[in-house]
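Let the hints inform the model, and build the full structure from the sequences given.
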Amino acid sequence: MIQTLYIEQAIFDHPRAVAIRQRFPKASVVPCQHYGEVFNPKAQNFRLQKQQPSLILAEKFNKFVLPAPFSYNIGGQRNYYFSHMLNCIYDCRYCFLQGMYRSANYILFINYEDFDSAIEQVANESEHPAYFFSGYDCDSLALEPVTGFIKHILPTFQKLDNAYIELRTKSTQIRSLLDINAMTNCIVAFSLSPDSLTAALEHKTPPLAKRLDALDKLQQAGWPIGLRFDPIIYCDDYQKIYSEFFEQVFARINLNQLHSVSLGTFRMPQGFYRNIVKLYPEERLFAGPLTESQPMVSYEAELEQQMLAFCREKLLQLMPEEKLFICHDDI
Amino acid sequence: MLHIVTALPCEAKPLIKHYRLNGRQAENSFRIYENDVIRLIIAGIGKCAAAAACAYLQGAEPQAKHAWLNLGIAGHRDLDVGEAIMAHKISDASTGISWYPAMPFKLPCQTLELISLDQPNTEYGCNSGYDMEAAGFYSTAIRFNSSELVQVFKVISDNRANPAEQVSAPQAEQLINAQLDNIDVVIKQLFVLNTQMAQQQNKTEIEAFQQRWHFTVSQQHQLQRLLQRWQARSDSGPDLNQFKTAKNSKAVIASLEKMISNLPMRFDDK
Chain R
20 MIQTLYIEQA
30 IFDHPRAVAI
40 RQRFPKASVV
50 PCQHYGEVFN
60 PKAQNFRLQK
70 QQPSLILAEK
80 FNKFVLPAPF
90 SYNIGGQRNY
100 YFSHMLNCIY
110 DCRYCFLQGM
120 YRSANYILFI
130 NYEDFDSAIE
140 QVANESEHPA
150 YFFSGYDCDS
160 LALEPVTGFI
170 KHILPTFQKL
180 DNAYIELRTK
190 STQIRSLLDI
200 NAMTNCIVAF
210 SLSPDSLTAA
220 LEHKTPPLAK
230 RLDALDKLQQ
240 AGWPIGLRFD
250 PIIYCDDYQK
260 IYSEFFEQVF
270 ARINLNQLHS
280 VSLGTFRMPQ
290 GFYRNIVKLY
300 PEERLFAGPL
310 TESQPMVSYE
320 AELEQQMLAF
330 CREKLLQLMP
340 EEKLFICHDD
350 I
Chain D
816 MLHIVTALPC
826 EAKPLIKHYR
836 LNGRQAENSF
846 RIYENDVIRL
856 IIAGIGKCAA
866 AAACAYLQGA
876 EPQAKHAWLN
886 LGIAGHRDLD
896 VGEAIMAHKI
906 SDASTGISWY
916 PAMPFKLPCQ
926 TLELISLDQP
936 NTEYGCNSGY
946 DMEAAGFYST
956 AIRFNSSELV
966 QVFKVISDNR
976 ANPAEQVSAP
986 QAEQLINAQL
996 DNIDVVIKQL
1006 FVLNTQMAQQ
1016 QNKTEIEAFQ
1026 QRWHFTVSQQ
1036 HQLQRLLQRW
1046 QARSDSGPDL
1056 NQFKTAKNSK
1066 AVIASLEKMI
1076 SNLPMRFDDK
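These protein sequences, in sequence, are chains R and D.
As numbered in the numbering used here, residues 20 to 350 make up the first sequence, in order.
As numbered in the numbering used here, residues 816 to 1085 make up the second sequence, in order.
Be careful, since some hints might not be right.
As the list claims (entries may be wrong) - Ranges between beta-carbon positions, derived for each pair: (1) V48/R with T1031/D: 46 to 54 Å; (2) F43/R with N942/D: 12 to 20 Å; (3) D32/R with E876/D: 31 to 39 Å; (4) L335/R with K1062/D: 46 to 54 Å; (5) N992/D with L298/R: 33 to 41 Å; (6) D1084/D with E340/R: 32 to 40 Å; (7) N942/D with A29/R: 41 to 49 Å; (8) D1084/D with P86/R: 35 to 43 Å.
To be clear, the hints were calculated from the coordinates, so they are not data collected in a lab.
These figures come from a predicted structure and were not determined experimentally.
Positions of the beta carbon are idealized from the N, C-alpha and C atoms, including for glycine.
What follows is the structure, encoded as structure tokens:
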């Protein structure tokens, strides 16, 4: 799986680095001074690298917890995100990471304890319940068997009565959650799309049916569930496709266990979008009815409103309004 | 096109024979051998020579995107003579600068750090390969293409038990010759990546439009992208006769935009 493992010299013998090296005994191990030497150089091609990404183990020194973008909201007033990992093992064509980073290699920051401290500090200083989103620059669970990060971080949240964590995922790697008691302040949010769009755009991800099976197991184990229908993608028959899709998903949902549903259409910062179009000029998604206006690229306003209104109406036939959140603009 | 840079004629000879490369006549700066898809240059020894050879080849076609391979012999403390390595890290011993070639393909041999020295040295300090060209080659070639398309392949010619001064030209030739299968694997991978990179450029044919209407540079980019979008949504391209009423390039672009918006937008047929 991992052919090359880059490790910052300073953490070369860190127990987590040692454990990960042992997990990939055939990988070439390459020491480096700072992950930026490998990750940041200009002359790299994300699309080519995505065929065989390497793993970079690094130490993070600051900005462990950052304010979340305005629309990243599932009911809390104080929203933050943190990234123990940069980049994702999946290859979703609508993902902004392809346009944000030059490298498709994964970076894992292994000083997990510093994330604990930062989260505790922010939560303790917050007057309102603080929501922490972990699946912003990576999939929260997809690489959990390697990283063990979620297993590490959840006990921190068990101690905090003023904090929620959202794990956002397309993965079926749920064993670490099923092994422990469900937590009321941990929302496992599944990003879902209709089958035809998953097949066309969410490369290397588990199919919808498998994700729904994973969701169902967690729901039965008592975990609060989130549904993320973001991005909604335009196609000629989107109304039919999404109507059937919502029915299919909600047939598996226990509304009592449903924490939140979020909905948003495809959108992306203009700079990232242009980078991605250079990588994938033949991609149909980018040949759709999009409009580029600073600072975002999105569907033409009227179409975007139509799509959101349609999906909202369909969803409200299946779920209570207070659990539905609409995401706009910013990333 | 793949550009191969070697330091010595004895390193080049097996490749010239295997890939049936023909020597270029009337080339007085470097000896260059080529066929339709590979161009090999014999640079001479050292970082500067390797860098100059890269620049020389690229200078002949400044706009072109080529794959690059530095191929030759290297030393190592204890690896067996004849073993092949690819460089996952290249360090310039004199400046301390390092580079990390991205290798997004199945490797035919082990990878190692390669340290480029200014002078021959038989100390073989750490578990690294030692050569005299890779840093000059890499730091120059990386200006011309993406990291994935610039690779270094070396065959171990000397170690503590078999010091460098004992390596003769026929021996070096033999060592490279014995690794031709692995070299071929790397070359094929580079061709695949180069093709994939060219597909990303996805230059659509805009000449037919340019012959009928005058497009500014900005409009040429617009036209290029519109034709890409058309191809993404339809199996066939636009027919020029559809634009016969268009009086100028602006009208062509407007018509194209409108026609594209009417093309099917589906994802279930991919």
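To see whether the hints hold, each was checked on the structure:
1. V48/R with T1031/D: 46 to 54 Å: 52 Å, holds
2. F43/R with N942/D: 12 to 20 Å: 19 Å, holds
3. D32/R with E876/D: 31 to 39 Å: With Cβ atoms ~48 Å apart, the hint is violated.
4. L335/R with K1062/D: 46 to 54 Å: Given range 46 to 54 Å: holds, Cβ gap about 50 Å.
5. N992/D with L298/R: 33 to 41 Å: Given range 33 to 41 Å: holds, Cβ gap about 39 Å.
6. D1084/D with E340/R: 32 to 40 Å: Given about 36 Å between the Cβ atoms, the range holds.
7. N942/D with A29/R: 41 to 49 Å: 20 Å, violated
8. D1084/D with P86/R: 35 to 43 Å: For D1084/D and P86/R the Cβ distance comes to about 42 Å; the hint holds.
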